[in-house]
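Protein chains in written order, with full-length UniProt numbering: chain A, 1 to 506; chain B, 1 to 506.
Since the hints were derived computationally from the structure, they do not count as laboratory data.
Please note: incorrect hints may appear among the correct ones.
Dumping the calculated PhoX-like pairs for lysine-lysine here, alpha-carbon to alpha-carbon at most 25 Å [unchecked claim]:
1) LYS353/B <-> LYS250/A
2) LYS339/A <-> LYS191/B
3) LYS338/B <-> LYS93/B
4) LYS93/A <-> LYS105/A
5) LYS191/A <-> LYS225/A
6) LYS110/B <-> LYS338/B
7) LYS353/A <-> LYS110/B
8) LYS225/A <-> LYS161/A
9) LYS371/A <-> LYS225/B
10) LYS110/A <-> LYS338/B
11) LYS409/A <-> LYS191/B
12) LYS370/A <-> LYS225/B
13) LYS409/A <-> LYS105/A
These figures come from a predicted structure and were not determined experimentally.
For reference, the chains in residue letters:
2 protein chains.
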Amino acid sequence: MISKVKNAMSTLVGGMMPHGHHHHHNHHSGGGQTCGPDSLPPRFPYGRPDFLDLTPELLQYSTEHASRPVLTLKRDSRLHWRTGYAEVINAGKSMLNEDQASCEKLFVKKPSGKHRNSTLQEDNGVSEGRRPEHQNRRIPLHFWGVFDGHAGSGAAIMASKLLHRLIRDRLGEICHLLENPNSAPPICLAKNGSPYQADTKKGASQEPEDPDAVSDSTVRFHMEKAVSLEGLVIGVIETAFSQMDDLIEKEKASYAISGGCCALAAIHMMGKLYVANAGDSRAIIIRNNEVIPMTNEFTPESERQRLQYLGFLRPELLGNEFTHIEFPRRIQHSELGKKMLYRDHTMTGWAYKTIVEDDLKFPLIYGEGKKARVMATIGVTRGLGDHDLKVYNSNIYIKPFLSCVPEVKVYNLDENKHGPDDVLVMGTDGLWDVTTDREVADAVTAYLSCCDPSDPMRYTLAAQDLLMRSRGVLKERGWRLPNERLGSGDDITVFVVPLAGLELET
Amino acid sequence: MISKVKNAMSTLVGGMMPHGHHHHHNHHSGGGQTCGPDSLPPRFPYGRPDFLDLTPELLQYSTEHASRPVLTLKRDSRLHWRTGYAEVINAGKSMLNEDQASCEKLFVKKPSGKHRNSTLQEDNGVSEGRRPEHQNRRIPLHFWGVFDGHAGSGAAIMASKLLHRLIRDRLGEICHLLENPNSAPPICLAKNGSPYQADTKKGASQEPEDPDAVSDSTVRFHMEKAVSLEGLVIGVIETAFSQMDDLIEKEKASYAISGGCCALAAIHMMGKLYVANAGDSRAIIIRNNEVIPMTNEFTPESERQRLQYLGFLRPELLGNEFTHIEFPRRIQHSELGKKMLYRDHTMTGWAYKTIVEDDLKFPLIYGEGKKARVMATIGVTRGLGDHDLKVYNSNIYIKPFLSCVPEVKVYNLDENKHGPDDVLVMGTDGLWDVTTDREVADAVTAYLSCCDPSDPMRYTLAAQDLLMRSRGVLKERGWRLPNERLGSGDDITVFVVPLAGLELET
Chain A
1 MISKVKNAMS
11 TLVGGMMPHG
21 HHHHHNHHSG
31 GGQTCGPDSL
41 PPRFPYGRPD
51 FLDLTPELLQ
61 YSTEHASRPV
71 LTLKRDSRLH
81 WRTGYAEVIN
91 AGKSMLNEDQ
101 ASCEKLFVKK
111 PSGKHRNSTL
121 QEDNGVSEGR
131 RPEHQNRRIP
141 LHFWGVFDGH
151 AGSGAAIMAS
161 KLLHRLIRDR
171 LGEICHLLEN
181 PNSAPPICLA
191 KNGSPYQADT
201 KKGASQEPED
211 PDAVSDSTVR
221 FHMEKAVSLE
231 GLVIGVIETA
241 FSQMDDLIEK
251 EKASYAISGG
261 CCALAAIHMM
271 GKLYVANAGD
281 SRAIIIRNNE
291 VIPMTNEFTP
301 ESERQRLQYL
311 GFLRPELLGN
321 EFTHIEFPRR
331 IQHSELGKKM
341 LYRDHTMTGW
351 AYKTIVEDDL
361 KFPLIYGEGK
371 KARVMATIGV
381 TRGLGDHDLK
391 VYNSNIYIKP
401 FLSCVPEVKV
411 YNLDENKHGP
421 DDVLVMGTDG
431 LWDVTTDREV
441 ADAVTAYLSC
451 CDPSDPMRYT
461 LAAQDLLMRS
471 RGVLKERGWR
481 LPNERLGSGD
491 DITVFVVPLA
501 GLELET
Chain B
1 MISKVKNAMS
11 TLVGGMMPHG
21 HHHHHNHHSG
31 GGQTCGPDSL
41 PPRFPYGRPD
51 FLDLTPELLQ
61 YSTEHASRPV
71 LTLKRDSRLH
81 WRTGYAEVIN
91 AGKSMLNEDQ
101 ASCEKLFVKK
111 PSGKHRNSTL
121 QEDNGVSEGR
131 RPEHQNRRIP
141 LHFWGVFDGH
151 AGSGAAIMAS
161 KLLHRLIRDR
171 LGEICHLLEN
181 PNSAPPICLA
191 KNGSPYQADT
201 KKGASQEPED
211 PDAVSDSTVR
221 FHMEKAVSLE
231 GLVIGVIETA
241 FSQMDDLIEK
251 EKASYAISGG
261 CCALAAIHMM
271 GKLYVANAGD
281 SRAIIIRNNE
291 VIPMTNEFTP
301 ESERQRLQYL
311 GFLRPELLGN
321 EFTHIEFPRR
331 IQHSELGKKM
341 LYRDHTMTGW
351 AYKTIVEDDL
361 KFPLIYGEGK
371 KARVMATIGV
381 TRGLGDHDLK
391 VYNSNIYIKP
401 FLSCVPEVKV
411 YNLDENKHGP
421 DDVLVMGTDG
431 LWDVTTDREV
441 ADAVTAYLSC
451 CDPSDPMRYT
461 LAAQDLLMRS
471 RGVLKERGWR
481 LPNERLGSGD
491 DITVFVVPLA
501 GLELET
């Protein structure tokens, strides 16, 4: 059994090496990505994050489901802020590790004419030199992302390569506003990007006197909502996720980009940490061994009402196969006319309804906990990709029910003091399925307190420790934790980011 | 000015007395309820809650906008649990007090054939005598409701008369399940109401072996969600609110039932307090001077994304007059082609978009705080009634954007110890607009600690004290609080319910 998987792996890994990604033979598997009928090339070849700097031999070694080797940062390859990282492949549920990660330091700058569409361009940090110095101001940005792929690794790989650049470029478009952190962003911009104030004098004189009108000439409208710079950055992140999703869809015309992925990103800029989550990965801040949750999970259960509402308003999306009403279990034909508990999109409690023919359809949301699914197909409700995903053996698309927009939470780094053991932990669900927030916090705090504070590897070692706690060790009865409970058989990816990292770096 | 209001009042009050409600003259104003063109009679005459026991003279006196007399429970009329109550009319924004309240002790019992549709029937507590004793078990239920009407008082009055009965009757239908509080309610019921177990043996033998299938014969389905009795009661309350809303719509064919109302209800049954809120009223529990919020407010701002999502999915509901996209202010025609901040139903942050013709439409959600409106019309997004409500001078209905389903929170009374100063405070927005949760808690705690614990009036006096703090006193510059800030000019209704009330009663 083990060797069979391994043999398949060898063939695959042979075909997924970076040097092989320009060959488009029909037998070329596309690195675990299902090729379409027209055998498109993969958008990016399969691989592990660049910062791991794996040799082809190590890359192949990383895919061994039998031993599940833990990959960590090498001692001589540093990530910014001394970020710690560890990952491990699943126990056999997919050929390749469908998790991906990225950790990047970038600079936000005004787009020059030449680089208007610079998403695919490397951030080499070289100043352009042609413009006066003050037009080249650059705002540093730190990015960490974990991407948990499903049904192929294509979307996760693409997102890990491009999402941070999309965010950087969108921030670049408002760079001139970010440079004045103390003034609120203008509501309206002229085409050249400068603030635009509509002339309201004429209009105002025609209107009857309004007691609410403010006489201050800087407020020219009866009602103008204040928007903060923070709200603008959140908007950039939200729209960049949408843009990433659109890009995957668009490039699927030319490339094989398989599956979809949950996306969790942390962005540090101007003293604030923005944590954006679309899916079931999780991030927590551990400060003085206290847990501050930075994400909510988006699953069929947590987003039940949103999904039911869509199914209710747009029943055609259910393809006559599904009902938006939830029942505690499947209904049998013999139960027609009986009364059964249900809840619709407006309810959190349960009530009885008389069962009619329509209720015999399969429920839009079905199952509990990790087994909950949308239309019996997918267990997460936010993420990137999945544009082709259909209900098995049908023409019903899942995508309309999925959201690519993250929830963004903000943590003010500058307003809090951090010791060297205060960290942000980001992990895919493989980590959290078997280890609670509290257990993670206790483990990290205990581990770091025993570690030399000046050891640059300490955060990677802490990440490795966390990962081992969730993977467990291989025993006769599978992967087991010290308490004999089942370890996670999923891909696991962990970042441990010291919150005092910016200072540690200098 | 004052006497003009007063004269109008006298005429009105003359027409709104209970003894006048069978007269259907054309000049009969319907008790502040706008009569339709066909001059339908009001469903219920205007009045104040029965438990205030007002004489016609006092009822007229209660409507004096100039003096805004505070009405409280009389010393000799007791509400169950020694519940305290106070109310005051607005400062002139509507002729009559559009708030309503109810406080009822009822009994949940199995519906007999005779009384299947007993909603309009008084709960006289007389046992039916025809059935064996064990079939007449009755579960006591305590109900408190505040209803904040708008655009007329018809819906608020009707809800205050009937909502508790609908809840009682729906609970009656599941009375045999409530009698066994320790067993989970059955998923499926036969027509006679007894648990129904489908035969799954045949189906199971035809299916391939499923490793997840449970062999325990009591769990006969692969997946069956556990539903608690509490979930069932929540479902009853949610569906009873919907039923109340449907009833208002249905009876509008025969009666004048003006306006709509926010509805906040507290229901005590079997040791638990269920607080159900649809609108912008608020309830808090004060325990040891700690505040436990029991409601969230539902306003255009708090429900922005739900409303925008509906406008996005069903643009025809916006009648070509409104856009579901939110902008920080109105856009002028001269700004076409410029870029403006916006957010759509998926976003919480803001981004810039190029303004197109469609963006010049009025925004679905517009305004901030108390001035936020749905389609420039209504400032609350949940409640009962409003079936006829349209955007001014248009044929665009607001109702599709409003939800009649409350959010229900549960507080376990039995699991907590309560002193005589621990209370539930329920109030319409008139109370909370000028007084914070913290201020209310401090005021109640301070007031009650100075009151004789055995005085049956202490909770009514505390309610009156709270109300005075929000109304203020009439000065030259209007209703003012001690700190000179403006008092609430709105109708105000307050219940102060002692959480140890059940013991106080005996």
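Structure-based check of all given hints:
{"no.": "1", "hint": "LYS353/B <-> LYS250/A", "in the structure": "holds, 21 Å"}
{"no.": "2", "hint": "LYS339/A <-> LYS191/B", "in the structure": "holds, 7 Å"}
{"no.": "3", "hint": "LYS338/B <-> LYS93/B", "in the structure": "violated, 41 Å"}
{"no.": "4", "hint": "LYS93/A <-> LYS105/A", "in the structure": "violated, 33 Å"}
{"no.": "5", "hint": "LYS191/A <-> LYS225/A", "in the structure": "holds, 22 Å"}
{"no.": "6", "hint": "LYS110/B <-> LYS338/B", "in the structure": "violated, 66 Å"}
{"no.": "7", "hint": "LYS353/A <-> LYS110/B", "in the structure": "holds, 18 Å"}
{"no.": "8", "hint": "LYS225/A <-> LYS161/A", "in the structure": "violated, 36 Å"}
{"no.": "9", "hint": "LYS371/A <-> LYS225/B", "in the structure": "holds, 12 Å"}
{"no.": "10", "hint": "LYS110/A <-> LYS338/B", "in the structure": "holds, 19 Å"}
{"no.": "11", "hint": "LYS409/A <-> LYS191/B", "in the structure": "violated, 50 Å"}
{"no.": "12", "hint": "LYS370/A <-> LYS225/B", "in the structure": "holds, 14 Å"}
{"no.": "13", "hint": "LYS409/A <-> LYS105/A", "in the structure": "holds, 20 Å"}
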